[in-house]
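Number of protein chains: 2
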Amino acid sequence: MLSIEPEKANRLVNGGPVMILSCRREARVNMMAVSWLSWISTCPPLLGVSISPSCFSHDIIRETGDFVLNVPDAEMIPTVHQVGTTTGRTIDKMRVFDLVTVWGRTVKALTLSYAIGVLECQVTDFRKIGDHTFFIAKVLYAAVDETAWEDGHWSESAGLVYYLGGDKYLTGGRIVRPKVKTDYLTLRQAMHQRRQETLDLFDDAVPPPLT
Amino acid sequence: MLSIEPEKANRLVNGGPVMILSCRREARVNMMAVSWLSWISTCPPLLGVSISPSCFSHDIIRETGDFVLNVPDAEMIPTVHQVGTTTGRTIDKMRVFDLVTVWGRTVKALTLSYAIGVLECQVTDFRKIGDHTFFIAKVLYAAVDETAWEDGHWSESAGLVYYLGGDKYLTGGRIVRPKVKTDYLTLRQAMHQRRQETLDLFDDAVPPPLT
Numbered sequence: 018m019l020s021i022e023p024e025k026a027n028r029l030v031n032g033g034p035v036m037i038l039s040c041r042r043e044a045r046v047n048m049m050a051v052s053w054l055s056w057i058s059t060c061p062p063l064l065g066v067s068i069s070p071s072c073f074s075h076d077i078i079r080e081t082g083d084f085v086l087n088v089p090d091a092e093m094i095p096t097v098h099q100v101g102t103t104t105g106r107t108i109d110k111m112r113v114f115d116l117v118t119v120w121g122r123t124v125k126a127l128t129l130s131y132a133i134g135v136l137e138c139q140v141t142d143f144r145k146i147g148d149h150t151f152f153i154a155k156v157l158y159a160a161v162d163e164t165a166w167e168d169g170h171w172s173e174s175a176g177l178v179y180y181l182g183g184d185k186y187l188t189g190g191r192i193v194r195p196k197v198k199t200d201y202l203t204l205r206q207a208m209h210q211r212r213q214e215t216l217d218l219f220d221d222a223v224p225p226p227l228t
Numbered sequence: 018m019l020s021i022e023p024e025k026a027n028r029l030v031n032g033g034p035v036m037i038l039s040c041r042r043e044a045r046v047n048m049m050a051v052s053w054l055s056w057i058s059t060c061p062p063l064l065g066v067s068i069s070p071s072c073f074s075h076d077i078i079r080e081t082g083d084f085v086l087n088v089p090d091a092e093m094i095p096t097v098h099q100v101g102t103t104t105g106r107t108i109d110k111m112r113v114f115d116l117v118t119v120w121g122r123t124v125k126a127l128t129l130s131y132a133i134g135v136l137e138c139q140v141t142d143f144r145k146i147g148d149h150t151f152f153i154a155k156v157l158y159a160a161v162d163e164t165a166w167e168d169g170h171w172s173e174s175a176g177l178v179y180y181l182g183g184d185k186y187l188t189g190g191r192i193v194r195p196k197v198k199t200d201y202l203t204l205r206q207a208m209h210q211r212r213q214e215t216l217d218l219f220d221d222a223v224p225p226p227l228t
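Quick note, the sequences are listed as chains A and B, same order. According to the numbering used here, the first sequence holds residues 18 to 228 in order. According to the numbering used here, the second sequence holds residues 18 to 228 in order.
The set of hints was computed from the structure by calculation and includes no laboratory data. The reader is advised that the hints may include incorrect statements.
Given that identical chains are not distinguished, each listed pair holds provided it fits within a single copy or across any two copies.
[As the list claims (entries may be wrong)] With a Cα cut of at most 35 Å, we get these calculated DSBU-like pairs of lysine-lysine:
id : residue 1 : residue 2
1  : 196       : 125
2  : 145       : 198
3  : 25        : 155
Keep in mind it's a predicted model, so treat the numbers as computed, not measured.
Turn these sequences into a full structure, and let the hints steer you where they fit.
Written out as C-alpha cells, the structure is:
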C-alpha cells in the first residue's frame, strides 16, 4: 500500500456523480462544479454540500438560501470542467459557455436545461467546518430525464460522471480529460465574439452597450 | 423530465465510491456499507458520513470515536452488498463473510485487508441531521493499492464501485447486481459450517464452545 498525505486523501473519496450547482442573485446567474456532496437524511430529504468561502456562488447561496444541483452526462464533461475551473467573479459563465437555463419550480435558482437530473434545494442550515462551509439543504423538487432512468435508478446508459481530481473524470469505466480553454482573456474574447454573432442576426436592432 | 419524490431523490445523488466502514469495540468488530459520505475540508482534512442511529456501528462509533473507510474494487461487490444488507446485532459479519483484517495504524478500528484504499478516521464532531447522525471525522492516515493509483488519482483499472440504490452497483460503466444470501438462518448455518471446517483442520485441538 502507498501511503497518501491526509490533506490529499480526498482523492480516495472523490464524490458522487459530479454536479453543476446553479444559483441566482437577481439577474446574475452563476454555476460551479461540485463533487463534495452527500445525501444526509431520508425524511426530511436532506443533502449536504461543502463549498469554499472563496467561491462566488458561496455568498449568493448564503444570501438567497437556495440552489439547484444539475446532473451532467458524459457529453457535458467539458462544461463541467469549464464552470469548475473559472470564477463567476471575473466572467459571466452563462454567456461565455453559452449555458441555457429554465426556471426552477420551487427556487429562485435556475435549472440547466440539458442536465439529465435536477434537484431544487433550499438551505436549512450551514456551518463552517474546517476551511469550507457545509450547506445542509432540503430537496423541494427533483426530476430526471426518463431516458437515463430505469426501474427507479440511474440506467447504465445514463453516462454518469464521477470526478477523480485534477482534470480527470470517470465515465463509462473510462477516464476522460477534457481539453478546454480556461484563460480569462480567451474566454472574454469568446464572450464578445458570441455576443457580436447574436447581434448580427438582428442587424436592424440597436445594439446595447458592450459590457 | 420525470419528477421524483424528494424522499427518493437520494437516488439521483447516490454517493462517491461505495465504501466499507469498519469499527471495533474491544473484541467485537463490525463492518457496514456506506455511500452517504463526502469530503468536507482540505485543511484540516475532514470528511463527513451520514449513519442511521439504527445501525449497530452507529453506537460503536459514538463510543470509540473512530472508524476506517475501506475502498472496495469490483471483485468485492458481493462483500459490500452482504455487509450492507445485514446487521451486526444479529450476526458476526467478520465470521460469516470470512473477512480478513489488519490493525489500523492510528485508530482502534481494523482495516479490511483486501481493500484498494483505506482512510483511518477520528471523529471530531457529530450531530443529528434529519433522521441520521452526521459524523465529521479527521483523516489521520490514508493509503492506496499502488496498482490502483496513477499520477496521484485512481486509475482506470482500479475498478471503483458506485452505489445506485437497491441492489445496483455501477462499475466500469456496467451495472452489477450481486446475488448473495442475506437471510439470517442461512448465514448462521454458514457461520457454523465454516467454524467446523476450521476445527477439522486442528483435530487434536479442544473445540471451544459454540456461540
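Should residue 196 paired with residue 125 be assigned to within, between, both, or neither, using CA atoms and 35 Å as the limit?
-> within (32 Å within a copy, 45 Å between copies)
Indicate which option fits the pair residue 145, residue 198 if close means a Cα-Cα distance not exceeding 35 Å: within, between, both or neither.
-> Classified as within: same-chain Cα gap 33 Å, cross-chain 43 Å, threshold 35 Å.
Could you place residue 25 and residue 155 in one of the four classes (within, between, both, neither) given a Cα distance threshold of 35 Å?
-> Both: 30 Å inside a chain and 12 Å across chains, each within 35 Å.
Hint violations for this structure: none, all hints satisfied.
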